[in-house]
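Engineer: Here's the letter readout for the chains.
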Amino acid sequence: MKDTLYQYILGIADNCLILGQRLGELCGHGPSLETDIACTNISLDLLGQTRSYYQYAAKAKGGNATEDNIAFLRKEREYVNVLLVEQPNTDFAYTIARQFLFDVYHLLFLNELQSSTDMTLAAIAKKAIKEVSYHERFSSDWIKRLGDGTKESHDKMQKAINDLWTYTDELFHQTLADEAMIIAGIGVETSKLREAYDQQVTDILTEATIAIPDTKWFQKGGKKGIHTEHMGYLLNDLQYMQRTYPNMEW
Amino acid sequence: MSDEQIRSLEEQFEARIARDEKIEPKDWMPEKYRKTHIRQMSQHAHSEIVGMLPEGNWITRAPSLRRKVALLAKVQDEAGHGLYLYSACETLGISRDELYEQLHSGKAKYSSIFNYPTVTWADMGAIGWLVDGAAIINQVPLCSTSYGPYARAMVRVCKEESFHQRQGFEIMMKLAQGTPEQKEMAQDALNRWWWPSLMMLGPTDAASTHTEQSMKWKLKRKTNDELRQQFIDQTVPQADLIGLRIPDPDLKWNEETGHYDFGEIDWEEFWQVVKGHGPCNRERMNARVGAWEGGQWVRDAAMAHAEKKENKKVKQAI
Numbered sequence: 000m001k002d003t004l005y006q007y008i009l010g011i012a013d014n015c016l017i018l019g020q021r022l023g024e025l026c027g028h029g030p031s032l033e034t035d036i037a038c039t040n041i042s043l044d045l046l047g048q049t050r051s052y053y054q055y056a057a058k059a060k061g062g063n064a065t066e067d068n069i070a071f072l073r074k075e076r077e078y079v080n081v082l083l084v085e086q087p088n089t090d091f092a093y094t095i096a097r098q099f100l101f102d103v104y105h106l107l108f109l110n111e112l113q114s115s116t117d118m119t120l121a122a123i124a125k126k127a128i129k130e131v132s133y134h135e136r137f138s139s140d141w142i143k144r145l146g147d148g149t150k151e152s153h154d155k156m157q158k159a160i161n162d163l164w165t166y167t168d169e170l171f172h173q174t175l176a177d178e179a180m181i182i183a184g185i186g187v188e189t190s191k192l193r194e195a196y197d198q199q200v201t202d203i204l205t206e207a208t209i210a211i212p213d214t215k216w217f218q219k220g221g222k223k224g225i226h227t228e229h230m231g232y233l234l235n236d237l238q239y240m241q242r243t244y245p246n247m248e249w
Numbered sequence: 000m001s002d003e004q005i006r007s008l009e010e011q012f013e014a015r016i017a018r019d020e021k022i023e024p025k026d027w028m029p030e031k032y033r034k035t036h037i038r039q040m041s042q043h044a045h046s047e048i049v050g051m052l053p054e055g056n057w058i059t060r061a062p063s064l065r066r067k068v069a070l071l072a073k074v075q076d077e078a079g080h081g082l083y084l085y086s087a088c089e090t091l092g093i094s095r096d097e098l099y100e101q102l103h104s105g106k107a108k109y110s111s112i113f114n115y116p117t118v119t120w121a122d123m124g125a126i127g128w129l130v131d132g133a134a135i136i137n138q139v140p141l142c143s144t145s146y147g148p149y150a151r152a153m154v155r156v157c158k159e160e161s162f163h164q165r166q167g168f169e170i171m172m173k174l175a176q177g178t179p180e181q182k183e184m185a186q187d188a189l190n191r192w193w194w195p196s197l198m199m200l201g202p203t204d205a206a207s208t209h210t211e212q213s214m215k216w217k218l219k220r221k222t223n224d225e226l227r228q229q230f231i232d233q234t235v236p237q238a239d240l241i242g243l244r245i246p247d248p249d250l251k252w253n254e255e256t257g258h259y260d261f262g263e264i265d266w267e268e269f270w271q272v273v274k275g276h277g278p279c280n281r282e283r284m285n286a287r288v289g290a291w292e293g294g295q296w297v298r299d300a301a302m303a304h305a306e307k308k309e310n311k312k313v314k315q316a317i
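In order, the protein sequence lines correspond to chains A and B.
Number 14 in numbering that gives the first Met the number 0 belongs to position 15 of the first sequence; there are no gaps in the numbering.
Number 207 in numbering that gives the first Met the number 0 belongs to position 208 of the second sequence; there are no gaps in the numbering.
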């Protein structure tokens, strides 16, 4: 049971870590000072959430597990984030589209996690939901600005949505750990969030004059640790210090 | 206005400063006062923004989650400082776009220290400890400078900088107490950042062009050499405390003066970097100009969208 709980927490926390890491790459390079500060802020929120989850995961795992060896010392195949969050910062439209497609899900997810019978997870969710509702407002506003801004920004946003859409289906896949935790009253039934997600995403994209992609082909694998080719490079940076200087305190 | 009237305004103005009154944006001020303040405040704002880059370089590679979060928050603070210093500058009748243009064209300067590369994690410690330490020494007196918006911005900036400085020192301390490899990393960072940090306090008094006027307007309260001495006197015992060696064979406590004597600064290197030929001048400018030009379409979209929304509102009202 403890091992399943550990796996379940990773399924939530790895998304926060990897998206936080991606946003961290942008710090100092944003299109304006205000957006730079906002993206760094979102990154900070997500990494703060990551720490809370991993500290709890370390307890569940026991032994010498710590938030840092969970964050930095796993093999690529052991990270279980969705493919969406590891996609690169191709341009600001991709950054915003990735954020938006994740935020809408994240908010719905946390809303449910608040009523988990696991008090620690419920408490983390209650704190995180305030932060994530701001993220969702920020990314939705920018979807509208870029979608319904200039012809150039519209085209860039449409392309970003078209390219990232293929990673949205995986958000609602349930792993074995998810199913066990749902039965235990701890986990969130993500497949049930689908309808609300589709509705909200459609509403915002429509307002932003962005067409909903009609692809029926979706990618998956992240939740099983099979990632896109981008992931290895991201982990290279993330793990650099811990791999080069093992077993040290920082 | 006649020459006499201007002279009388100038006299009243100087008298206000002498009485420690704050000058506010709508008050009359001599053109030179306005220009000097735009130059210094924008230089300060640019330093904050360019200063995000060398530290930003380590965000994705920070060695622990705690350090990553702290570094992100620190770099974000710098963006915040840039933001309110630009805003303070705008109160003197210049736009942020114009200020950026001056930075990108090379007309405006920023602190030369940020033209050095950050090559190891220990550089995050050294920057916080030494660079922010030197910055605070420069900036604390500005909390009581004569121009109101600048003085108020500096109160907040200094609070955050002093937190950064402690954070940097704590990074160094942890390394210095760590494994031989970590200690070596810390010493190497101190070796590389020590001299550029001393240069941060500016050229010697003999070579400084702005000192006299700036002292009068309380933009400066101590000379560069006094500030440098203060920085050295304060930092040497801190290095001793954590067992690191200051890379200056001439450094020696002087009983008579009550200060440390120190070796010759390589002013040739200082001027080389100031004139744009430091190790990273080109990279820093390319990164800034790249972010600005690459973000043009985003800013255009935001403007276009705001206009569309406004038009819709007007139409609805009709």
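Keep in mind that the hints are not guaranteed to be accurate.
[To be verified] Distance condition first, Cα-Cα at most 20 angstroms in a straight line; then the derived DMTMM-like pairs of lysine to aspartate or glutamate:
| hint | chain 1 | residue 1 | chain 2 | residue 2 |
| --- | --- | --- | --- | --- |
| 1 | A | K1 | A | D117 |
| 2 | B | K173 | A | D67 |
| 3 | B | K31 | B | E3 |
| 4 | B | K311 | A | D117 |
| 5 | B | K108 | B | E282 |
| 6 | A | K150 | B | E292 |
| 7 | A | K150 | B | E282 |
| 8 | B | K307 | A | D154 |
| 9 | B | K307 | A | D202 |
| 10 | B | K307 | A | D67 |
| 11 | B | K217 | B | E3 |
[What the hints assert, rightly or not] Stretch-level coverage of chain B by chain A, calculated; a stretch enters the list once three of its residues show a Cβ under 8 angstroms from a Cβ in chain A:
| hint | segment |
| --- | --- |
| 12 | 127 to 139 |
| 13 | 295 to 301 |
For the record, the hints were derived by calculation from the structure and aren't laboratory data.
Computed from a predicted model, the values in this text were never measured in an experiment.
Glycine included, every Cβ here is placed at the ideal spot set by N, Cα and C.
Engineer: Does each hint hold? Answer for all of them.
Structural biologist: Here is what the structure says about each hint:
no.: 1; hint: K1(A) with D117(A); result: holds, 12 angstroms
no.: 2; hint: K173(B) with D67(A); result: holds, 17 angstroms
no.: 3; hint: K31(B) with E3(B); result: holds, 18 angstroms
no.: 4; hint: K311(B) with D117(A); result: violated, 48 angstroms
no.: 5; hint: K108(B) with E282(B); result: holds, 15 angstroms
no.: 6; hint: K150(A) with E292(B); result: holds, 18 angstroms
no.: 7; hint: K150(A) with E282(B); result: violated, 32 angstroms
no.: 8; hint: K307(B) with D154(A); result: holds, 17 angstroms
no.: 9; hint: K307(B) with D202(A); result: holds, 19 angstroms
no.: 10; hint: K307(B) with D67(A); result: violated, 48 angstroms
no.: 11; hint: K217(B) with E3(B); result: violated, 25 angstroms
no.: 12; hint: 127 to 139; result: violated (count 0)
no.: 13; hint: 295 to 301; result: holds (count 7)
Hint violations for this structure: numbers 4, 7, 10, 11 and 12, all remaining hints satisfied.
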